[in-house]
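**Q** Produce the entire structure from the sequences given, and follow the hints as far as they go.
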Amino acid sequence: MWYTGIHVVSAKWGSVMSAPAMGTTKTAHSDVAPKKKRGPGALATAYLVIYNVVMTAGWLVIAVGLVRAYLVRGSYHGLYFSIEKPLKFFQTGALLEILHCAVGIVPSSVVLTGFQVLSRVFLTWAVTHSVREVQSEDSVLLFVSAWTITEIIRYSFYTFSLLNHLPYLIKWARYTFFLVLYPMGVTGELLTIYAALPYVQKTGLYSVTLPNKYNFSFDYYTFLILTMVSYIPLFPQLYFHMMRQRKKVLAHVEEYKTE
Amino acid sequence: MSRTTFFERNIGRITVEVLDGRTRQQLCFLDKVEPHATIGEIKSLFHKSYQQLYPARQDLKLDPKGKSLRDDDVLQNLPVGTTATIYFKDLGPQVGWTMVFLAEYLGPLFIYLLFYFRAPYIYSHQDVFTSSPYSVVTLACACHTCHYIKRLIEAIFVHRFSHGTMPLRTIVRNCVYYWAFSAWLAFYINHPLYTPPSYGDMQVNYALAIFVLCELGNFSIHVALNNLKAEGGPKCRRFPHPTKNPFTWLFFFVSCPNYTYEVGAWASFSVMTQCLPVALFTFLAFIQMTIWAKGKHKTYSREFKDYPQLRMPIIPLLL
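If you're matching them up, the sequences are chains A and B in order.
Our numbering puts the first residue of the first sequence at 1, with every later residue one more than the last.
Our numbering puts the first residue of the second sequence at 1, with every later residue one more than the last.
Derived by calculation from the structure, the hints in this document are not laboratory data.
There's no promise every hint is true.
[Stated by the list, open to error] A short, non-exhaustive set of chain A residues, derived as facing chain B with CB atoms under 8 Å: (1) Y206; (2) L210; (3) N215.
Glycine included, each C-beta is placed from N, C-alpha and C at the ideal position.
**A** Here it is, written out as structure tokens:
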């Protein structure tokens, strides 16, 4: 025996056990090496500033459009139609953000960004645009307004960050408003998909049945239901992630307020 | 014993303390450890104090944010003084590679057969235990089944695995993926409303021929890789090379011909069944295997200065 003794100081196993990270795809033996910072160059920064300013402006247009339409009509119903075009344009334009991550001028995960943008685009085109009957639903206003406020804050946050002059108010808003806007948006989205279900089932929208040459079938109705179900595990994860980010970001600033 | 004897006996010995990587709490204290002890031996010792934490589950590091230590690292060759502080992390339950492959392959094997024989509750009531009038459906079942039997045989008898284990979470995720996908494609191929290939027997037969060739090719490569490990030994590392077997001549063109053949087998299976879900599975498998092939290719190129320039990772001359 080449060892003379083991002194076990703590046998409190329960407190030491660490749970594997949720959704991790790396195997356990991967290295934890510091990631190389891929920041944008001067040209990329200029482009990103322009992009974010344009997006901020676009969503402001949508916000103004909603308010004006409300004032003109005098009711909350059917406001979707007054902002339909800019909504489609600017929400679809967000697809560029996937490209930004892929190229490396934005240090975010392509998969995560792709997932977020595609889910928005899906709701805009494959649900709201495709199923006319839901366009007059109030749930549409619910998610559109949540998106509008969120995006205005988010894009202005990015703009100011790129210019290295981020007002605390914007940072605070970005990491606080989501507490209400996120559940609001999710509720609107789920209600809208739910409202679309009977029409999708009746018309067989985007569905393929057997028999066919390529031996494939797709039931859009079931797909929408599965989409709704997927919110159950996904939404809490994202929400609590944002809450943890909030603690980190806002706690830091409390220590040394610079702006 | 006298003072000198004590000193002589313990000269050069190292004190090892194992701390939890997150909490920095001391978990284990080993004094008078021989300097030529390996990390593997440390792990065995640690296991003695913590029964559930078998060595495969332990991740030991000198720096909590740094690289993991290997089992064959020797204590005295590491940058430690007379006291070594090692940080521990629990990797969670681990499963040996053979078990992993068994779980991943037995699932699709049996699931497909459930669909082939049209077990109850899959298709409509009147179709239970009926069979398809098309020969291609039976052929597809034979091909799919043989593919997975071959994989199981390889997993048990051919492959030699370098890393001991895989985390439980990963296996569950992989199994869900393989099992669900095989259920999905089996559903269509064995469906009562299945439509046989547009170009009939010619399409099926050509596809079948390519399928068989790719399976043989894939098997040849696995055997060749296995023999490479055997002939090289732990000290002499060589990269894979073509042998007398014509199937291995693909090594002239690609680093990972086993993946090339695998993609070929599934592509031909897609053509043979003319089934879109199979094509989708092939496509996803192709993406994943390309990622692996590129990684392997990079590793080979970096490790061996004389690595052939002509070789591409997975597709000859292209990718």
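**Q** Look at each hint and say if it fits the structure.
**A** Verification of the hints:
{"no.": "1", "hint": "Y206", "in the structure": "15 Å, violated"}
{"no.": "2", "hint": "L210", "in the structure": "4 Å, holds"}
{"no.": "3", "hint": "N215", "in the structure": "4 Å, holds"}
Of the numbered hints stated above, the single one contradicted by the structure is hint 1.
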